[in-house]
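These protein sequence lines map, in sequence, to chains P and W.
For the first sequence, this note's numbering begins at 1 and goes up steadily by one.
For the second sequence, this note's numbering begins at 322 and goes up steadily by one.
It is worth saying that the hints were derived from the structure and are not from the lab.
Among the clues, some could well be false.
What the hints assert, rightly or not - Simulated DEER-style distance windows between Cβ atoms: (1) W/I616 x P/G160: 36 to 44 Å; (2) W/I616 x P/L170: 39 to 47 Å; (3) W/L489 x P/R199: 53 to 61 Å; (4) P/Q145 x W/A367: 31 to 39 Å; (5) P/R120 x W/N365: 52 to 60 Å; (6) W/S471 x P/V181: 33 to 41 Å; (7) W/Q482 x P/V301: 49 to 57 Å.
Ideal placement from N, C-alpha and C gives every residue a C-beta, glycine not left out.
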Amino acid sequence: MLDRTLPSQPALLARIPGVVVMLAVLNIGFAWASPGFLSLANLSNVLAQSSVLLILALPMTLVIMTEGLDLSIGAVLSLASVSLALVAVATGSLVLALIVGVAVGAACGAVNGWLVAWLRIPPFVATLGMFGVAQGLALAVSDGQSITGIPASVQAMYSGAMLGIPVPILLMLAAALAMHVLLYTTPFGTYVFALGGNREALAFAGISQRRILLCVYTLAGAMGGLAGLLLTARLNSGHPSAGIGMEFDAIAAVAVGGTSFERGNGWLPGTVLGVITIGVLRNGLNLIAIPSSLQVCCIGVLVILAFVFEAFSGVRRGEPR
Amino acid sequence: MSATTLPAPPRLALSSELMRISFRLLAVALLCVALSVASDAFANQANIMNVLRQSALLFFMASGLTLVVLTAGLDLSVGANIGLSACVAGTLMKSTGEPAYAVAAALGIGAAVGWLNGVLVAVLRIPSFIATYGMLWILHGLTYAYMAGSTVYGFPRGFRQFGNGFFLGVPIPVLVMLASLIALALFAGRTVWGQQIYAIGANPVAARLSGMPVRRRLMLVYTLSGLTAGLAALVFLARLNSAEADIGGSLTLPAIAAVLIGGTSLFGGVGTMFGTFVGTLLLTLVLNGMNLLQIDSRWQPLVTGVIIVAAVWIDIRTSGRKT
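Let the hints inform the model, and build the full structure from the sequences given.
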């Protein structure tokens with residue numbers, strides 16, 4: 001039987017403390033170390049800065065639930081960013097920029113899905129190849145330069161506000177809600193759970209694994225394109241290496257959020273908490289003046305800690321190797 | 322069943338391995354012919370030496386990586402490892418003027434990072450591509466913090482010989498490459514430890530059940546991969562005569578590509594050091610050819626990415642393996 005609502009009781013108990021405790025410790029620590037941390041302006045800033053990451057990490061959760069991985073998403077984001085920046089500068093249209101960004105992302109994702117599902121290439125290799133391809137294309141399209149002169153309509157996607165709430169926060173709430181509904185209430189969501197947990201059941205039900213995989217990777221690419229739009233609006237330019245390393249933050253958020261890499265046991269709310277954890281970590285380290293290069297180190301350590309924690313909490317019961 | 326009907330696996334394996342290698346050598350030869358037709362600049366001595374020197378750098382990275390891939394693992398941190406080793410070794414050499422410290426630092430840091438990867442993979446059982454990917458970003462961050470945007474350059478002349486010098490008309494890095502090729506090929510193919518590495522990659526459960534020290538061999542393999550990355554860092558330093566933080570970032574994809582087009586299977590247990598050597602030559606020729614034909618170097622990651630995916634696809638198709 002498919003258990004798609006929540007992980008089993010002990011697994012849940014083992015997980016909630018992990019990410020929540022981590023988040024609480026970080027919050028207390030930073031509030032103590034830096035008086036500005038707990039201000040409303042700063043917390044709103046943390047959320048807005050997490051928006052790009054959340055939009056990447058949500059579909060990454062689905063990819064990882066299918067026992068896959070998407071190493072290309074940062075480079076795809078860069079490619080989408082420079083493509084949509086070129087279109088936005090040429091036409092001044094937000095809608096066209098959005099369409100181009102999402103379409104470029106979805107196309108890259110669809111190729112990933114095809115490589116994984118039809119050619120049966122292991123996901124981390126297929127997406128590593130796509131990482132190179134998207135990186136090369138982004139450099140070629142932009143001629144290695146930043147694309148500036150982004151129109152105000154696109155900038156408003158990050159700096160604007162609606163009913164007093166910043167647009168990126170609204171967007172990320174909408175994305176989280178949509179993804180939650182997709183994963184927990186639709187047949188598609190059930191199939192995604194089955195892909196990671198019980199592929200035979202899917203085969204017996206007569207569902208095409210390939211198409212589900214294609215959809216999952218295409219969705220990841222499309223969301224990468226959307227994140228590209230937000231990042232372009234935030235940086236006020238399209239840059240061919242803007243997204244490099246974002247895939248790592250996304251993978252880190254999913255890992256910290258308690259999604260298992262080996263049995264497809266995904267948990268979307270955990271990913272949201274994981275994203276906030278990473279956002280708080282980066283923001284707090286900024287406030288106490290740790291350079292961004294060392295922040296990357298901290299996130300690397302965090303990922304490895306998450307795995308060690310998972311190994312010792314007995315969530316994973318993989319065979320001895 | 323009588324004993325005579327049993328196949329003779331060693332000879333069979335050898336002949337199919339010979340087939341795989343000769344196909345690749347043929348590809349190298351064809352590529353050389355095509356490039357000398359397409360570009361006048363290809364077939365002169367300076368360019369050939371340049372290709373060989375380039376492939377030496379790539380081979381050092383790819384050789385250690387081959388051992389990792391033979392165990393069905395992957396080391397995504399080799400490029401970042403080179404970055405950190407080269408930067409620390411470079412600054413040490415600059416401040417002390419003593420190449421011996423640099424050699425010790427590069428090899429020591431390289432091996433230590435590899436050992437840590439081994440702990441993550443073999444002891445903590447984190448999937449290798451995630452553990453080494455986390456390590457990539459940790460090393461990357463450390464390197465950038467350590468260098469703080471600066472560049473070190475101008476190393477002692479004796480040290481630079483290691484990258485640019487000649488011995489009996491052959492570039493010194495090429496000689497080192499040939500020596501390490503022979504040493505590693507003998508290690509992988511002719512020693513018990515090397516054969517255990519193949520066995521672990523082909524079937525980890527069987528390897529464990531037959532009493533092999535799987536954990537220790539995995540540790541060894543990742544440490545060796547780090548050590549060869551440290552060696553590559555030294556050659557890189559000697560050739561560029563400078564070091565900065567982003568030195569290793571673009572090296573990981575080509576190293577993986579060289580291993581995979583050399584015929585080493587990502588699924589473990591299949592491949593040889595000589596295959597990786599030929600794969601290194603092939604990839605270097607492709608990249609050199611792109612340079613000579615004046616194709617913008619920005620296309621290089623794209624070409625390398627396509628080569629990686631194509632190599633794995635061919636591996637899956639020809640081995641009939643279900644993943």
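Hint-by-hint comparison with the structure:
1. For the hinted restraint 36 to 44 Å between W/I616 and P/G160, the CB-CB distance of approximately 42 Å keeps it satisfied.
2. At roughly 45 Å, the beta-carbon separation of W/I616 and P/L170 lies within the given 39 to 47 Å, and the hint holds.
3. A C-beta distance of roughly 59 Å is found between W/L489 and P/R199, which places it inside the suggested range of 53 to 61 Å.
4. Distance hint check for P/Q145 and W/A367: the Cβ-Cβ separation is about 33 Å, which falls inside the suggested range of 31 to 39 Å.
5. Against the hinted window of 52 to 60 Å, the Cβ-Cβ separation of P/R120 and W/N365 comes to about 44 Å, which falls outside the hint.
6. Between W/S471 and P/V181 the beta carbons are some 51 Å apart, a value that contradicts the proposed interval 33 to 41 Å.
7. Here the CB-CB span from W/Q482 to P/V301 is close to 39 Å, at odds with the stated 49 to 57 Å.
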